[in-house]
Amino acid sequence: MHRKAFINRSVLALMATITGRKALFSQQESTQKNYKPMDFEVAIIGGASAGLSAAMALGRSIRKTIVIDGGSPRNKPAPHAHNIFTRDGTPPLELLDIAKAQLKPYTTVTFKTGKVISANLNNNLITLTTDSNETFTVRRLILATGLTDVLPAIKGFRELWGTKIVHCPYCHGYELKDQPVGILMNGKNAEHITPMVFNLNKSIHIFTNGRMEFSEQFLKWTNKQNIRITETEVDELADVADGVQVRLKDGSSYLVTGIYSKGDKYKFHNELAVQLGCKLSEEGAVQVDDMFSTTVPGVYAAGDLAHASAHQVIIAAAGGAKAGMACNNSLTMEDYEHAQ
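So for the sequence shown, the UniProt record's numbering puts the first residue at 1; every next one is plus one.
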């Protein structure tokens, strides 16, 4: 190759390289612009066990994070929270105060009181709007909005919910052990919980609040264990010094120390998940994978919202931690790939 031809070809190659690198830089800059103009890297909607646990993982990863919460956790009526590693018996609101205090050193985490009413995904960015008409743009979203128990319309039920009427033997059973208790349930719910309660209490009275719907196997077992079943509808649950007086519509009444029951159904706070197109379970929980990623990329869900059962503080906190770590890992890998 002649020297002049070599120089010309080299210059052309260099120009092509520079042009290509400039184009690559422009492409990276354009891609980054899809997520860089943001207020926070991550938003966590819900500031109870799952949300605060996720915030801890993200705060320790120095991710710019905002936690938006309305201040009404599901277990707020309960005097104590149980079955929690190192914190057994701590009042629910005190647990949250401890978590918030421990998050203070992580200055990239911001808290805001309010409710997010809309969420929109566009060009890998999620825009959130609150009930006070504020907007926040983020790269990742963790939904930890929980659920609400839709309680039966029985007089006195709501007033005693979380104190003398409880739903979980793991959370409250030890405190009621060896005392006469009622189970205000029917069908499969009663068949599921009664054997667990029987391990703690031998004096059990099941109130079905209407015609019983039990299997023959369960009826044989309850008869053998001297467990009483009453089908008469419940008129009122009265708070008395020794426990709860169950007053039936036929005028009879029974005294128990406490009652196991549950709401008529769960109302999952899945409105934002629906807006974003996340798939739900039949019950209304948000479907997630093992790392709590939803079916919409960049959107995670944790806590009670993310599973149809096993709603406990420690399980919610564990899910929040995993969601926070998965969220940070996703951001890390995205930044790594864009930097190539």
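In case anyone wonders, no lab produced these hints; they're calculated from the structure.
Just so you know, not all the hints are guaranteed correct.
[As the list claims (entries may be wrong)] In silico DSS-like links for lysine-lysine, alpha-carbon gap of 27 angstroms or less: (1) K155 to K224; (2) K279 to K267; (3) K177 to K112; (4) K112 to K164; (5) K115 to K76; (6) K177 to K262; (7) K177 to K220; (8) K177 to K224; (9) K265 to K279; (10) K262 to K279; (11) K262 to K220; (12) K220 to K115; (13) K76 to K112; (14) K188 to K115; (15) K224 to K115; (16) K202 to K224; (17) K188 to K202; (18) K155 to K265; (19) K164 to K104; (20) K188 to K177; (21) K220 to K202; (22) K267 to K76; (23) K202 to K104; (24) K104 to K115; (25) K188 to K164; (26) K249 to K164; (27) K177 to K202; (28) K64 to K164; (29) K155 to K262; (30) K267 to K112; (31) K224 to K279; (32) K279 to K249; (33) K76 to K155.
Would you list, in rising numerical order, the hints stated earlier that this structure does not obey?
-> The structure breaks hints 1, 3, 4, 12, 14, 15, 19, 23, 28, 31 and 32; every other hint is satisfied.
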